[in-house]
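There are 2 protein chains.
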Amino acid sequence: MLFDLTIPAFIKTLGNLQKILDKSAAFADAKKIAPEVLLQSRLAPDMFPLIRQIQIICDTAKLGASRLTGKEAPTHDDKEVTLAEIKTRIDSVVTYLKTFKPEDFKGAEERKISQPRWEGKWMTGEEYTLHHILPNLYFHTTTAYAILRHNGVEIGKKDYLGDMPYKH
Amino acid sequence: MLFDLTIPAFIKTLGNLQKILDKSAAFADAKKIAPEVLLQSRLAPDMFPLIRQIQIICDTAKLGASRLTGKEAPTHDDKEVTLAEIKTRIDSVVTYLKTFKPEDFKGAEERKISQPRWEGKWMTGEEYTLHHILPNLYFHTTTAYAILRHNGVEIGKKDYLGDMPYKH
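For the protein sequence lines, the chains are A and B, in the order given. Per our numbering: the first sequence = residues -14 to 153. Per our numbering: the second sequence = residues -14 to 153.
None of these hints come from the bench; they were simulated from the model. Hints are not guaranteed to be accurate.
To be verified - Not close to chain A: a few residues of chain B, all C-beta gaps over 10 Å, as computed: (1) 5; (2) 10; (3) 19; (4) 40; (5) 61; (6) 70; (7) 101; (8) 117; (9) 137.
Said to hold, decoys possible - Simulated coverage check for chain B against chain A, where a stretch passes if three residues somewhere in it have a Cβ under 8 Å from a Cβ of chain A: (10) 26 to 36; (11) 102 to 108.
Each residue gets a CB set at the ideal place from its N, CA and C atoms; glycine is no exception.
Assemble the whole structure, with the sequences as input and the hints as a guide.
Structure (structure tokens):
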């Protein structure tokens, strides 16, 4: 059931990201630097900076859910500059994701998915989830994490993974 | 079906990693540096270097498959130093993964999964796959990618994502 593979993972990942950004804001505050310095940091001159990584994480989740279900997504214009603005965008995507119910994903496995840059090519919803959505979601989240870690923010893999459903 | 979420993604990811390492070897050769310099690179002094990231990717796949199915995994002693040695380890894990069939995963969703560092806690096979295996697999693969990208190796997200099942 593609709902189980997507919506809960999206909401969890975006929640973890919010907490990582809060730790980054506290780090910036302690170092007396603007948090936007971190948002403009990158790991190589031709890689996207942190703020763009976050925008892509948001879009991977938002457009993934929308394309799998046919449910219209809110638009975002990629004009965020401040930490407060990008955190608001994350919240807006989480609000959208929370409107989804498992029944919205009926038939999503076999749905033909395409997007403009694929120039007419397509894959099934299941393939899209396994080959595109999940690898991209975690790619950009890990890259965001790595940019912050490289800059000295004290975060660890537990911040990336978030709460685990351990039972005793 | 947890087979579909794990074995093909593991084999694909490890295959992509092999190609990324081949490009890294060519980069090192062109720059006249030993590829082991890259293997010892890291993004922060208290993060694991590339070679350890690769070992963890291997173990996430190998132990994930083994724990979900109860099928014994080959052992590896984490003593690799050279690029050839770590590539051999990846191959050995791929060989193991190719022995799995969908029927090996019968009942895996509900199987109680634990590991030594969880100190007696457990989660279901489905939770383990979604909250642990996939986020960790992509975390360490992206970190490996980011270390190489940060060092100037000419790779792009397509190398990380690998072949896409596009249809026309």
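Let me make sure I understand: some of the numbered hints might not hold for this structure. Which ones are they, in numerical order? Those not satisfied are hints 8, 9.
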